[in-house]
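Asker: Residue numbers (this note's numbering), protein chains in the order written: chain A, 1 to 636; chain B, 1 to 114.
Hints are computed from structural coordinates only; laboratory data are not their basis.
Note that the coordinates shown come from a computational prediction; the quantities given were computed from them, not determined experimentally.
Among these hints, one or two may not hold up.
Claimed, not checked - The following label-pair restraints were derived from C-beta to C-beta distances: (1) B:N112 x A:E343: 14 to 24 Å; (2) B:K73 x A:G157: 47 to 57 Å; (3) B:A111 x A:Y357: 32 to 42 Å; (4) B:S70 x A:K574: 49 to 59 Å.
Even for Gly, the Cβ is constructed at its ideal location relative to N, Cα and C.
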Amino acid sequence: MNFELFVIPFNIGLYFIIFYVVYRSVVWFLDLSRQDKLRLQRGFFGRAFWQSIKEIFSESLLHRKIWKTNARLGYMHTSLAFGWFLLIIFGTIEADLFGTSHLNPPYKAIFFKYFHPEPARSGIEVAYAFLMDLILAYILSGLFLAVLKRFSSKSVGMKKTTKLLTLDKVALTSLWLVFPSRLLAESFTSGAYGSGSFLTGSLGNALASFLPAEQLAYPFWWLYSLSLGTFFILLPLTRYMHIPIELFLIFARNSGIKTGDQKGSYTDIQIYSCSSCGICIDACQLSFSAGINNIQTAYLLKGIRENIDVTDIVPNCLMCGRCEAKCPVGIEIMPIRMIQRRENIYLPSERKLLKRYFPDRKKSPAPKPPVPPSYSWIPEGRSEKAKVIYFAGCMSHLTPTIKKSMLSIFEAAGVDYTFVDEEGGVCCGRPLMLSGQTKKARELISYNSKLFYETGADMLVTSCPICYKVFKESYKLGIDIMHHTQYIKKLINDDALKLNFMHKTVSYHSPCDLGRGSGVYDEPKYVLSYVARLQETEFEDENSLCCGGSLANTKIDNPTRALIAKDAARELTKNRPDYLVTACPLCKKTFGAVTETDVVDISELVAQVIVVPQAKRLMSNSPIMRKKKVTVKNNC
Amino acid sequence: MSDFGYVLLKNRHIDYEANDKRIAEYIYAREPSFGYCMECGCCAGTCTSGNFTHLSLREINILIKRGETSTIKEQIDKCMLCGKCTLVCPRGVNTRNIIILAGEAIQKLEANEL
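For reference, chain A alone in the conformation it holds in the complex:
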C-alpha cells in the first residue's frame, strides 16, 4: 500500500505552503536594501548562521522567553511547537527505519500508521511506538491548555488573550483538529490491528470493543489530512504565518539588520512574524491600569497586515517599551510604531483573495512637497565657551529644584560648564518626532546642534531622559552625551564629588526613555546606593513601569494618566521608602501628583549630601531641606 486518496489535501497544503514561503522570502530578500542584502549574505556564511540555529531551537521551538514570563504559558507553546517538531522528525525517522523503503515522501511519515498498521515486531519497534505515543500525548496536553486559554486566559496565567479575526478562528480550529484527529485515526487503526502503544493502543482497544474500528479509522485519516491541508492553505492569511517567517526574522536579526526609520522589507518580515500571542497586551499598562485593550502591538501589527484602519491605535501608546522588552519574538516594536506614526494615513482598499496571498511589492512613497520652515522665527542662540554643556530640557524648567541641584553639583565639583537653556531653550525635538513630524523636529535638531557646537564643549549633560534619547539617536554631535545620573557617577568615580551617606531608604523608578529606551539602568542605581539605602522593587530594569505621563501618547486624557500613575506609584512604594526616586522631571511631576511619598530626582538627593561647604550653603534652598525645617518648627 503506497498511496491513498486522503493524502491529497495534505499534499496540496504542504507543497503550496513550501512554494509560498519560498516565494515570499525571495521577494522580501530582493526588496531589502543593498547593505542589508550583503549583511544577510555575510551572516549566512558566518557566525550569525550558527547563532540563528541556536536561537531557532531555543526560541521558536522551546520558547525560552515565554517560559520566563509564565511557566504554564511556556509549557503550552513548547508542547505545541517542540512537540510537533519532534513528531515530524521522529515520524520521518520511523518511516525510514520501519517502512518498506527509504527516503519516503513526507506523507508517508505523517500517515505512517495507516500504511503500516501491523503490530510491532521487535523490541525497538515497541520502544519507538511508545516514544511516538509519548510525543503525541505531550502535544495533546499543550493543546488542552490552548483550548482552556481561549475560554479562560487566567488558567494559563494570562490576564488577557488576543481577540481573533474570523479567518484566524478557522485556522485555529483546523490546527486544533490536527492532533485529536491523528489520535483517533491512529487509535482506530491500532484497535483494528491490535497494535499501538500506551496511548493509541489502549484507546484503540477501548474504542474497538464497542465500535467498528476498521471502518471508522478511514474517515478520521481523512479528517487528519483535511485539517492539515486547510491549516497550510490558510496559514498565509492568518497569524500562523509567524511559524515560517520567524525563521527568516531570526536570520536577518542575527545578521545585523535593523529596522531603522524607513518602512521596508525588514519591517514587513517583523509584522508577519507577530504570533498575536498576547504577551504585549499583558505587559501594557494601558491595559492593566486603564482598561484600554484594543491598541496593543498585537492589534497594531495585525491591522497593518490585514489593512485594517489603525490610525486610532498608532498615537494611543505611551511608547514605554514594556511590550518590546517582553515580546518573545523580539520584534522591534518602537521603531515600527515610529514609522507608522510618520505616515499615519489609512487608505482603504478592496482586497481580493489573490491580492491577499500575493500583495503588491511595496514601493517607496512619493516624496512630499517641500514645507516652508516652521521655526524660522527662533532668535539666534547665545552660547558661552565651556567644557561641559548643561541642557536642562523643557520639563526640568517645570521642576526648578532639579536645575538648582544640578548647578550646585557642577559648582561643588568645580566643573567648567555652561547652562545653555538657562533662559528657556528650544525643545529637543523628540515630542515632534513622537507625533510623526520628523521634518519639523529636524529644524529644532539643527538649531540645538549649532548652539551646542558653538560652545566648543566635549560633553553634553542633560537632566531629561526624553532629550537624552533624542540627543543620542538623532543628533550627530560627535561629543559625549550623558544623562545627569551618568555624569554624577563619573564625578564620583573621578573623586571630583565628595558625598555623604544619608540614612534613608529609597526606591528607584527607572524612566522609560532612560532605561528601556537608552539602556541606562546601572548608573542611577550605582549613584543611589552610594548615597542612600536602595530598596529593590518588583519592577526593576526592563520590567520597570511607566509613570503614565509619557509625551508619546496624545490621545489619553488626564484621568487615564492618573490611573496609570497611581497604580505604578503604589507598586513602587510598597516597601514604604522614604523617597521615591526617579531620574526624569516628567516622572517626578506625574508621580508627585498621585502619591504621599516624597518624589525626588537623583540629582536632588545627591545635592543634599555634598560635602563641600559652599555647596551646602547653596543647598539650603532645596525643597527637601526646607520641608524638614518647617516640620521641626511645627513640632515646636
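With chain A held as given, fit chain B onto it using these hints.
Answerer: Just chain B now, with coordinates in the frame of chain A:
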C-alpha cells in the same frame, strides 16, 4: 447703528454669523477636554515657543471656539509639542491633542473634507 452713547472697537466685534465653527466641532468631538478650558493662560505662560515669539494656546482656544480661524494655522505651526502646557494646565486639558487636532482640521478644511 443706533447710538448707545459708546462705540465698540472694530477688533472687539465677534460676528457669529460669519464665523466658522467647524474646527471647534471637529475638536470637541475627538477631545472633550477642549471644553474644560477656563482660559487662565497658564499654558501660554509656560510655553517654550511662547518664550521667543507670539504663541498663546489660550488665544488659539478662544479663537477656535469663536470660529475666527483665519489666523490660527500660523500660530499652531509654531508649537513644538513639548508638553509643558499639558503639565501646568489646572483643568487637565489635553492641550497637545488640541493642537494636533486643530492642525488636522485645518488640513481637512483646506481639502474640503470637513
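Asker: Confirm or reject each hint.
Answerer: Tested hints:
As the Cβ distance of N112 (chain B) to E343 (chain A) is approximately 22 Å, the hint placing it in 14 to 24 Å holds. Look at K73 (chain B) against G157 (chain A): about 52 Å separates their beta carbons, and that is inside 47 to 57 Å. For the hinted restraint 32 to 42 Å between A111 (chain B) and Y357 (chain A), the CB-CB distance of approximately 35 Å keeps it satisfied. The hint said 49 to 59 Å for the Cβ distance between S70 (chain B) and K574 (chain A), and at roughly 55 Å that hint holds.
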